[in-house]
Amino acid sequence: MQGDLILSLALGLGLAAAAGFRVFVPLLVLGLAARAGVIAPSSGFEWVAGTPALVMFGVAAVVEVVGYLVPLLDNGLDLVAGPVAVAAGIGVVAATMGDAPPMVKWALAIIAGGGVAALTQGGTTLLRGGSTALTGGLANHMVSLSELVAAIGLSLLAIALPYVALVVVVVVGVVGARALIKRRAAA
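Residue numbering for the sequence shown follows the numbering used here, starting at 11 and increasing by one per position.
Just so you know, these hints were derived from the structure itself, not from any lab. Take these hints with a grain of salt, some might be off.
[Stated by the list, open to error] The calculated label-pair distances, taken between Cβ atoms and stated as ranges, are:
#1 V185 with T145: 20 to 26 Å
#2 M152 with R45: 28 to 34 Å
#3 G183 with G139: 15 to 21 Å
#4 G54 with R194: 37 to 43 Å
#5 V182 with W116: 23 to 29 Å
#6 G47 with L136: 35 to 41 Å
#7 V159 with G125: 20 to 26 Å
#8 R45 with L137: 30 to 36 Å
#9 M66 with G139: 25 to 31 Å
Quick caveat, the model's predicted, so the values are computed rather than measured. For each residue, glycine too, the CB sits at the ideal point set by N, CA and C.
Sequences and hints are given; from them, build the entire structure.
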């Protein structure tokens with residue numbers, strides 16, 4: 011039971027971190043994996059594998075990706091994406107926690123899932139802000155494409171190798187925190 015809980019949490023946190031890069035890509039990957047029978051969503055989350063949800067996630071993912079390729083709109087999307095990424099992070103962790111007791115499931119979903127998604131999204135917002143300041147937004151499309159690749163890659167890694175995805179999330183988090191601390195110390 012404990013091993014299943016840790017595996018489920020690793021899967022969920024990988025998807026939550028990916029939601030910080032692109033909100034709808036990990037939801038789409040989760041839904042497709044559930045539809046293919048690769049993972050079994052928690053009770054009450056079976057709808058993520060349904061056709062209406064997959065269509066909605068797919069359309070939303072395309073709109074989000076295209077929106078982030080438009081200069082200035084990308085920075086505006088970051089304002090909206092923060093709380094939505096947190097909600098998605100909470101949702102994907104809750105959806106992957108299987109038969110964990112509700113208090114454990116929701117505490118981990120809110121604290122860990124929402125927190126990881128918020129940290130990832132915050133990092134991308136800072137990166138995009140720096141790109142906008144340095145290039146007037148001309149390089150933001152490269153940042154956006156990198157975030158898309160990260161969202162897809164991390165989502166797929168979380169489904170295929172959840173523990174490896176968790177290690178990647180932790181390493182990226184530590185490296186990012188160190189860079190931020192170093193940057194603040196230099197300022």
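- Query: Using the C-beta atoms of G54 and R194, is the stated range 37 to 43 Å upheld?
  - Reply: Cβ of G54 to Cβ of R194: about 42 Å, so the range 37 to 43 Å holds.
- Message: Is 15 to 21 Å respected by the C-beta to C-beta distance linking G183 and G139?
- Response: Once the Cβ atoms are compared, 19 Å apart, the range 15 to 21 Å for G139 and G183 holds.
- Does the Cβ distance between V182 and W116 fall inside 23 to 29 Å? holds, 25 Å
- Do the Cβ positions of G47 and L136 conform to the proposed distance bound of 35 to 41 Å? holds, 39 Å
- Task: Using the Cβ atoms, figure out if M152 sits within 28 to 34 Å of R45.
- Result: holds, 32 Å
- Satisfaction of the hinted span 20 to 26 Å by the C-beta atoms belonging to V185 and T145: holds, 23 Å
- Task: Note whether the CB distance of V159 and G125 lies within 20 to 26 Å or breaks it.
- Result: Since V159 and G125 have Cβ atoms about 23 Å apart, the given range 20 to 26 Å holds.
- M66 versus G139 beta-carbon gap, inside 25 to 31 Å or not: holds, 30 Å
- Okay, R45 versus L137 on CB: inside 30 to 36 Å? Given range 30 to 36 Å: holds, Cβ gap about 33 Å.
When held up to the earlier numbered hints, the structure conflicts with none and fits them all.
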